[in-house]
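These protein sequences, in sequence, are chains A and B. According to full-length UniProt numbering, the first sequence is numbered sequentially starting from 1. According to full-length UniProt numbering, the second sequence is numbered sequentially starting from 1.
Just to be clear, a hint being listed does not mean it is correct.
Stated by the list, open to error - For lysine to aspartate or glutamate, the following EDC-like pairs were computed, each having C-alpha atoms within a straight-line distance of at most 20 Å:
| id | chain 1 | residue 1 | chain 2 | residue 2 |
| --- | --- | --- | --- | --- |
| 1 | A | K5 | B | D85 |
| 2 | B | K174 | B | E119 |
| 3 | A | K5 | B | E135 |
| 4 | B | K5 | A | E17 |
| 5 | A | K257 | A | E17 |
| 6 | B | K5 | A | E135 |
| 7 | A | K5 | B | E17 |
| 8 | B | K5 | A | D201 |
| 9 | A | K5 | B | E127 |
| 10 | A | K174 | A | E127 |
| 11 | A | K174 | A | D201 |
| 12 | B | K5 | A | E127 |
Simulated from the structure, these hints should not be mistaken for lab results.
There are 2 protein chains.
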Amino acid sequence: MSILKALLSGVSGGSIEVVDLTAPLSAETPILQLPPPFANTIPFGLEEISRYDDRGPAWYWNDIHTGEHTGTHFDAPIHWVTGRDGDDVSQVPPRRLIASAAVIDVADRAAKDPDFLLEIEHIREWEAVHGPLPEGGWLLLRTGWDTRSGDQEAFLNANETGPHTPGVSVAAAKWLAEESPVIGLGVETVGTDAGAAHSFDPPFPCHSYLLGADKYGLTQLRNLDRLPPTGAVVIAPPLPIVGGSGSPVRVLALVEK
Amino acid sequence: MSILKALLSGVSGGSIEVVDLTAPLSAETPILQLPPPFANTIPFGLEEISRYDDRGPAWYWNDIHTGEHTGTHFDAPIHWVTGRDGDDVSQVPPRRLIASAAVIDVADRAAKDPDFLLEIEHIREWEAVHGPLPEGGWLLLRTGWDTRSGDQEAFLNANETGPHTPGVSVAAAKWLAEESPVIGLGVETVGTDAGAAHSFDPPFPCHSYLLGADKYGLTQLRNLDRLPPTGAVVIAPPLPIVGGSGSPVRVLALVEK
Ligand SMILES: [Mn+2]
Ligand SMILES: [Mn+2]
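Bound-form chain A, shown alone:
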């Protein structure tokens, strides 16, 4: 049997599960909140055009107002100044949108410390058990933060010192960008960087290093607990927005049972 026939047969028969890693999009979808003087994104919103009424008797439809970086979304290289000469979201090669995934689970640590940072040594510990990070695949960081995604306040977890959410250290971000074989980093939080990363050196190291290295970001993922540490395939195809810095994206994972 051909690979594609086997894939379809597995999906329809249930031996290949399709796991939805995407948060639902609505006005309640949490969004990033930057302090002044920085400009912020709008929340997701629908504007009704017609609903089986005089404006359209047989049809219901809406306009959409959203940010490129709202909800589960894809960060393209040009999102960051370090990647400004890189690809916009429409230029990412299609074959890079279907890739393997390594899932590192630090939910226990993040539950004890919301400022938990993934270090190179944690990745090395994971590799000692599961093998090297995948060439051209995603590193997906499971922190358990998706359980907070229904509540903007709990999700951003900010106090007078700013937001407190788990992420990746400066050294690990640099290593992932420059030395590891991954194509990008996927997280459960509102952005790929830790809540406290505004005060790191450099600030926002995941954005700075990974996007500057022609790598990508995926945010606000969920259901990572349904993926094995290795072996899942992630499909993360952003909208081909010409000149876009990112895009809301439906992220699906394939898991073979």
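Model the placement of chain B with the ligands on the given structure of chain A, informed by the hints.
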């Protein structure tokens, strides 16, 4: 080798090609134009939030204003009054978003007659050569209309009697919805119905019959000429818009060489 390993190996090695079926999204993306008194969708637009400047020194990002039914997009059952008790775009089961495709090429006929309609007999002729339409797969109608997609006027092709673009007859739409095993219909035009379908009985039969039968629509596809008549896998994962009637979607096809 597992199916997923073989899939990844094929994609990275090039024996499985990833074909992008999606039109680029920009202010130039053609949109549907309904006559008064019906309300219309807005065009696609980006609104800059910051671009490596005072509003965000290290980052560039935009807000997005668009219709659910703008550019390459997915029609969910609730888009039409016949499917109003059906799924919204966030409720479509994820495993239905990865499906096989049958491609019927009528580009020669549509080039001679912009009002060309696919009839059941054309599908039967195709089936006589290629076998039955796929269970749970897409019927993709290749009309060559994607060559006009850079020009709103040529794409809508309207005159004093309304738009003239190819599509599907009333009888064929009813048969596809009620008797065929397909999951939905994908087209290269601005909507799944022919340009003249406003005056059919019932009006807009593809929308009316298919969405009323818990099936889907895909529009404004391109690169269908790069797909074989059978054997391609289509990945068409809409954004999970809560209550959404449709969604812009990045559609990818896998083709085994
Ligand atoms: Mn982002
Ligand atoms: Mn539509």
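Outcome of the hint check:
For a cut-off of 20 Å, the pair hint linking A:K5 to B:D85 is broken: about 33 Å separates their Cα positions. With a CA separation close to 11 Å, the supplied pair B:K174 and B:E119 stays within the 20 Å bound. Simply put, A:K5 and B:E135 have alpha-carbon atoms about 13 Å apart, close enough for the 20 Å limit, and the pair holds. Pair hint B:K5 plus A:E17 holds up; C-alpha atoms about 15 Å apart against a cutoff of 20 Å.
Taken as a hint, the A:K257 and A:E17 pair is honoured in the structure, with Cα atoms around 7 Å apart against an allowance of 20 Å. Between the alpha carbons of B:K5 and A:E135 the distance comes to roughly 13 Å, so the proposed pair stays at or under 20 Å and holds. For the hint pairing A:K5 with B:E17, the CA-to-CA distance comes to about 15 Å; that is within 20 Å, so the pair holds. Straight-line distance between C-alpha atoms of B:K5 and A:D201 comes to about 39 Å, which puts the hinted pair past the 20 Å bound.
Distance restraint check for A:K5 and B:E127: the Cα-Cα separation of roughly 19 Å lies within the 20 Å cut-off, and the hinted pair is therefore satisfied. A hinted pair counts as satisfied when its Cα atoms are at most 20 Å apart, and A:K174 with A:E127 qualifies at roughly 18 Å. Taking the CA atoms of A:K174 and A:D201, the gap is about 11 Å. The hint holds against a cut of 20 Å. Of the pairs offered as hints, the one joining B:K5 and A:E127 holds, with about 19 Å between alpha carbons and a cut-off of 20 Å not exceeded.
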